[in-house]
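Work out the full structure, taking the sequences as your base and the hints as a guide.
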Amino acid sequence: MNTSVRRVAVLGGIRIPFARQNGPYARASNQDMMTATLEALIGKFSLQGEILGEVSAGGVLKHSRDFNLTRECVLGTRLDPHTPAYDVQQACGTGLEAAILVANKIALGQIDSGIAGGFDTTSDAPIAVNEDLRQVLLEINRAKSPAARLKALAGLRPQQIVPQIPRNSEPRTGLSMGEHAAIMAKEWGVTREEQDELTVASHRNLAAAYDTGFLDDLVTPFLGLERDQNLRPDSSVEKLAKLRPVFGGENGTMTAGNSTPLSDGASAVLLAGEDWATAHNLPVQAYITDAQTAAVDHVHAREGLLMAPTYAVPKLLERNGLTLSDFDFYEIHEAFASQVLCTLKAWEDPVYCKEKLGLEAPLGSIDRDKLNTHGGSLAAGHPFGATGGRIVAGLAKMLKEKRSGSRGLISICAAGGLGVTAIMEAA
Amino acid sequence: MSDRYQQLVNTPIGKIVSKQIGLPAPVKLERYERGQPVIDGPVLLGAAPGGRLAGAAAQVLAAVEAEVHTALEDDARSAAADAGLDAQVWSAETADEEQRFKALVFDASGIADSTELHHAYAFFHPTIRRVKASGRVIVLGTPPDDASGPRQATAQRALEGFVRSIGKEVRKGATAQLVYVGQQAEDQLESTLRFYLSPKSAYVSGQVVRIGASALSADGIDWEHPQAGRSALVTGASRGIGRAIAQVLARDGAHVIGLDVPALQSELEATIGELGGSTLVLDITDDDAPQRIAEHLLEHHGGVDVVVHNAGVTRDKTLGRMSDEQWDMVIAINLSAQERINEELLARQALRENGRIVCVSSMSGVAGNAGQTNYAASKAGVIGMVHSMAPEIGKSRATINAVAPGFIETQMTAAMPIATREAGRRMNSLAQGGLPVDVAEAIAWYASPASGGLNGTVVRVCGQSLVGA
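Residue numbers (the working numbering), protein chains in the order written: chain A, 1 to 427; chain B, 1 to 469.
Just so you know, the hints here were simulated from the structure itself, not pulled from any lab data. Relax, there's no trap hidden among the hints.
Within a straight-line C-alpha distance of at most 20 Å, the following computed SDA-like cross-link-like pairs (lysine to any residue) qualify: (1) K356/A <-> L72/B; (2) K15/B <-> A25/B; (3) K356/A <-> E73/B; (4) K317/B <-> A370/B; (5) K105/A <-> D290/A; (6) K239/A <-> A256/A; (7) K356/A <-> Q88/B; (8) K356/A <-> E65/B; (9) K28/B <-> A431/B; (10) K356/A <-> G84/B; (11) K370/A <-> S406/A; (12) K356/A <-> E67/B; (13) K172/B <-> Q20/B; (14) K356/A <-> A62/B; (15) K402/A <-> A208/A.
Only part of the chain B face toward chain A is listed, based on derived beta-carbon distances under 10 Å: (16) T70; (17) A71; (18) S78; (19) A79; (20) G84; (21) A87; (22) Q88; (23) W90; (24) S91; (25) A92; (26) E93; (27) A95; (28) D96.
We put the CB at the ideal spot given by N, CA and C, even for glycine.
Laid out in structure tokens, this is it:
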């Protein structure tokens, strides 16, 4: 048994442009998008015919038939079919969690290489049958005689035809994620202007990342879409100010502009041990140094639903002997502009840091010029499972371009009061 | 004693009419009831940068389990964190229209010159209209005498005008206070802040009080029963304000020794009997009264912890018409007797360590009043006595202070002519008369073993009367 821990290299990643709901990918399934993305990654790193340690991927909105979706995707690619695969699901943290799982196996020497990915379609969403109808149909299925079947069939009622469409709401509070974020924004006194400014920065940074060619080898066209559909390079605070609030009531500060839209897309990242990378002549872009998940009690303690990363990051920093200012890049997933701003305010706040995080002093501030420097989810869109892969791949390249030893922090909030965070360092 | 006007304007029609024609609108003030929290509602705590009192204030707010709000990046927020307060975030920009506060507490001690008074403006401008009924505005500052230079002294002195004006602007029974906390006196803030936050200070507004350093500590005090194990002498205890004082001190855990003249013995015994106290019947103007009081206290109680000089009379006449007797009687009872009793108690060391002398002065003593040259002189003399004796008494680790009641609803005021009475009632920021209990609560605050930082001070219980400064 291997008792040493190996460094986990990020060799690179790729994604398809993210599309808005019912946009160009309206008829594409999760499997279509993920397979295409894996194919692009295989092409980029010449992985055809390779047996990888594993492929781990997942999404939030899945059909029940997709119980083994990632494996099905692998079988549809040029990877050797002997490559194992499994699905992961942790709401918006799915993509990063998949990367952590693969990375940990590599670190322990259980595998030498793997792909972490994620996908989501809000267009080709599963529609479930009405719960009453489901019970009747199951009863019919269980019935052993024609008479019993007929009896069960007699239980059918017209209203049972109404299907169940997936809702973006928290099971235990009944509130949508946007409503939860609006509560947080209110609690933290986050203004509309701050949110709109962050949104504009996201669009400008992403537009610049396209214009400078940074994204040329990170994004591959799909179904005619070449750039993220949601990107508005000419976005401005003035334009955003015209939008009506969609969460938090009439006087709410959250709009369709400073909240991420429902979107479709997929991403994938290639991870490996250093020996495997050398053997395959693939340069290491960055290392996944450490990771931490956390959760808040949004149900009983009424903590902010999307505040879990505030708990995870201090643990991560302490374990690695770092402070919040020791990073060259901060990739904070912009589920909502308000979520990012609440997170930053919380880390600067002596009360929150002491009462909730148990810290003697505030965690500190970050240099905003280092935040989501190549765009964030507000501009790119946020196919739930695909965001982690987008961030890991982008950050790896940013770190490689910055300098050896440069460091980046990833923070992703997720439904259910979850947070997934990680540290990456340049090779 | 009933205030018919107040009852009338608080009827639905009365409210409409009084508003239309701009009559004063006195509300029913919230008053303390046993077991009630110190403050029932959210408190907004703020601080000018570089202040030294937000920490002490935050600790008190934590101790009274107040729901505290602070602005992000306000010095008060670090103070709140240090005090272990899970303070909510206040933002004037994003707050709900309906957000209201029961108290606004602002540490102005960081204000170092007049330009920085803007911090006080900035804190109160968006919040002053969010004060609830019977709410509290409390500004903490540095006594101008303790300031580091003329500019700081000037700015700190400016707070007086600021706070007194707030007292006149806030409505619905809300009050405003300025508390000057001397250097090294930060640990003495608690009893005063608790008093001003609570409904106990219902009829006190527009006051400026100075807290000084004190070696006396109130560690481990039971705030529900601060007088537990202490004895308190109350003169004129059988009726009116004196009776209320006896009741409040007994509520606070004191053994009350009620004193009154022989003519009121049965009333005294009834009042004090209910409180489980003891009585002392004598005329304080008798030559041997001070000795008899001291001996009684030493013999039966081993000394005394609290002395309340409440006994007083009026004999009103304009000076030209006033008789010798009228002059002499008022001065003898209201002032000379107090002096003689104090001297005797101190000489016999009957006032125990952490003892309290609390005198009852009067608004007339502050401002003067036609027909009351005798009374006003006696009551102004009480203030002089408090000021002049404070250093001496401070040395024996005790304090002396005075309360100066304004218009208090008693049998005495009920007997006034209606015009005088109505003028007295309305000419203050709360547009109503106070109750005896309001005076008693202020006395109990001074009498508390935690109030060692208050010595030689006078506070008015007058609803911020227009009369006097």
